[in-house]
Amino acid sequence: MNLLEIRNLSLSIGAHNILKGVDLSLSPGEIVAVTGESGSGKSMTALSVMQLLPETAEASGSIQLEEQELLDLPEDQLCALRGQSIGMVFQEPMTALNPVKSIGDQVMETILIHKALPPAQAEERAREVLTRVGLPPNRFPLSRFPHELSGGQRQRVVIAMAIALRPRLLIADEPTTALDVTTQAQILDLLQGLVTEYGMGMLMITHDLAVVADLADHIVVMRHGEVVETGHTRHLLRHMQHPYTRMLFEASDHQVTLPPVPDLQPLLAVADVVRDYRKPRTRLFAPPEFHRAVDGVSFTLHRGERLGLVGESGCGKSTLTRAILGLEEVQQGHILLDGSTVFSGHKPDRAVRRKMQVVFQDPFGSFNPRHKVHRLITEPFYLMDAPPKGTERSDRIAEMLAAVGLSPDDASKYIHEFSGGQRQRIAIARALITRPKLILFDEAVSALDVSVRAQILDLLAELCEAYDLTYLFISHDLNVVRTITDRVMVMQAGKIVEQGDTEQVFSDPQHPYTEALLAAAPRLPKITRGVA
Amino acid sequence: MSRNLILGTALSSLVVLAAVLSFLWTPYDHTALDIPNKLQPPNATHWLGTDHFGRDMLSMIMVGARTSIAVALVAVGIGMTAGIPLGLTAAARKGMWLDELIMRGNDLVFAFPSLVIAILITAIFGAGAINAIIAIGIFNIPVFARITRGAALSLWEREFIMAARVAGKGAARISAEHILPNVANLLIVQGTIQFSLGILAEAGLSYVGLGAQPPTPSWGRMLADAQTMVSFAPHLALIPGCAIILTVLGLNLMGDGLRDWLDPRIRVART
Amino acid sequence: MLRYTLKRLLSLTLSLAVASMVIFAVIEVAPGDPASFMLGVNAQPDTLAALRTELGLDVPKTERYLTWVGGMLTGDFGTSYTYRTPVSQMIADRMWVSLPLALYALTLSTLIAFPAGIYAASRRGKPGDIAVMGATQLGVAVPNFWFAMMLVLVFAINLRWFNAGGFAGWDKGFGPAMQSLTLPAIALALPQAAILARVMRSALLDVLGEDFMRTARAKGLSRRQALWRHGLRNALIPVLTIIGLQFSFLLAGSIIIEQVFYLPGLGRLVFQAISSRDLIVVESVVMLLVFAVIVVNFVVDLAYAAVDPRLKSRT
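Protein chains in written order, with our numbering: chain A, 1 to 532; chain B, 1001 to 1271; chain C, 2001 to 2315.
Don't take each hint at face value.
As the list claims (entries may be wrong) - Now the stretches of chain C that chain B is said to cover, found in silico as 3 or more residues with beta-carbon under 8 Å:
hint, region
1, 2017 to 2029
2, 2150 to 2164
3, 2210 to 2224
4, 2240 to 2253
5, 2272 to 2282
6, 2288 to 2296
It is worth saying that the hints were derived from the structure and are not from the lab. Think of the CB as a built atom: it goes at the ideal place given N, C-alpha and C, for glycine as much as any other residue.
Go ahead and model the full structure; you've got the sequences and the hints to work with.
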């Protein structure tokens, strides 16, 4: 008997058809991964099982949990089921917990709301469960509040809440997407261990194919609300039937070829840079304490070189990026671009700034929604002493838009008319328009779907040929850094712990932290390209 | 466009039209006394009746609308002219002493309710419409400063502001070019709300004699005059009261409608 | 928590100090000398000088400021220019009308607004919500002093359930005193309740969209349980801010409402003082009102910390 059986599930919200005839089944003790790009309907499938859909959603078909039909179930019986028979883990640990209640209260609530145990025993159970997920009460008392925990620890609390009553089905909706790789590995281990130990079935929603391949017994690939392919993991990885599945796996491991680096002339020299932040005071009259975000960083970036910078959140890579861009002054050391300092006399130097540009992560937040594209991409002209005018200006705009694969007509559109991938192209056009000597890519492909990401990586490789780019590519994604850079630096707690040729570092890491990072990153299996 | 917006705009325009029309024409001279015909309830010759001196209520309401609108409008103008730059500056200097100074100054003004400011000003310079405007206007400054700062702070975190900074633009230019256009909708909506609050405040000040002085007609003073006569001539209180309510209601509906129309995410502070 | 309280206390003291300086400075720039105003234009120079000494007007400004502040700290607000009686005594009598009135109104406003806001939020978009929102839209537009006149007309003049005005006095007992404050409190409270209900509703609707509400539902809480157990406390954070601001509004509003009901409160006192240019009384009443507002905001800050544990660990 299957634990969960979804048959011909369709879902519409207003005029939008979100799901079209989805079929899926899951047995006890099994992990089924639903994967696909954004808009594929994978999260809606999960919420349908919980019956926590938006009020205006209309579902048809059938969802059976142990042969009980959920679609017809009245709300009070669904409440009895949620938390008791089905547990759910969400994507954002930072917001999934109530900020004004202690973690003990929140875990106990699952038990008490179903009247499964009297309060005293419920507290005992909460302790057990929190210990099981790696938060032993002697180190993490039940009275802790969510804001006193890290992202990974909060996700453990969310998991504790979901498994407190040992549900038969656990739904995990992108449970590790918001976490760092090493934390991700620990959380995935925990989830897998719980499935084996409790004999639960787990429905895992994720966009990350490497995670899917590592963890799942069964894979369901979705696109535009439809299941395009489904099968046993090992079988599916070897015999992909649908071209979309193949495209998805290929794009996830997309490789580009960069032109060779010309002879080494230094362009950016960073020497012994230190950046401290004042911590909020813990006592009223205590001397201020400092947090050293960047701690004695030195490196050289050569003309025509593509340098990577990897590290987990909070390692100081964003601070370093801002310091290089001249957005923040450093306390010690210096940053020289083409021989001149970025900051001169507490003010960033215009002439130096002119030589660099940046592409940010968020394709939706990177543009002023009230300006048209031609105004957006010419913003860096402000740094030039004699910016191009008239036809020269419009020619340059047209050239840049063409260079990033857009049409010159796009110049008169507003940013909301473009997709995420197109916006990132516009961001690249903006960075290129003054022909800077150095471009910083700050997590520039991290928010994109794999297929779009592959296209942007191709575009970067093309631009390297056409414009002799020199760039610093900052990312947490090791796979991407491996293909798009010549040399890489690994940053941990404000320090560069290892740097060297990208292939060298990845295949033979010297520093234990680099080793740990590489070991934690889930790996895509080598698939036989182009053979079905 | 929502029903709120249409209804609100219609009501507000009606009041503005009445005020504008009063410069050209009113049914009677609003200062003309006609003691024999005093305290008439609404009838065919005096549509809204007459007051205790026999003055035509409709004419007084029309001219009174002028006072209300002028006071509230100028007060909103003062609040915006001073408050928006303060809010933009505070946001651009987030966490630094200037931001701290502006926000503490705000809190200080908030500690003096507009009526208390009016009392202080009146105690010194005497009562009058100008002093009422200043009192209401001063209280509007922190409202606009706070709301501008709040909205601007979240914008400063956005990547398009970082991009502008990388393009070498300074805080003032970024505030004018990127921040202000993106908070404009919010400020328009808040402006409508403050306008309606200004009308209420003006009425309150005139009622206690701190607003416009005779012979300038004002709705608040009409209510003060009506107070002793409300038991036998309720229309003296009902009519100016309804004028205030309809105006404020119209402006509020317009503000809510504008908010939904311009940007459903905007939240308005209404205190 | 202690650290947080101390920090708020420090900021309270600073606000009071700055406010007292502002008030003193503003009164100082007032044109006209109180002594010559009291004695009229034909006063003899030596009588004038004697009065100035008596009123303490001949000492330097900084010294006068310090005397004033120092006096207030010990409960001595100086002597009224007009009545020649201690200001503190004049204020004390009146304060026991204005302050209870504002608190009474605040309680009423909260008692009405919370259920109305919660009800509307839990029935978002349904007829119940639309009706409550329509009523609040109207309530926000009504001037409280006009509403007060209408209450008098209906409940005092026509129905004779209450007195039209005047204050029974606390020495007549709690009941009669509260009765004479009831209509004024209702007049003050209803328009504020309309505002508060709207804030409550929108704060709740904001919270309902939060991720942790979905988490609560996934645990098996019903919509209603999630609203009460998780939504309400989080929604209180913005609502508290408004309650704090409302107190200052109600206190100021009570000054106007006192005129409608002929209540012998601070409002009456301050208007008399203005007309007789008794600036020391104006100064002290304004300072007292500002003091009350700042103290209430301090209490609101403490209430924040009780509601939101994140504030306690931050300083």
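In ascending order, which of the hints set out earlier in this document are inconsistent with the structure? 3
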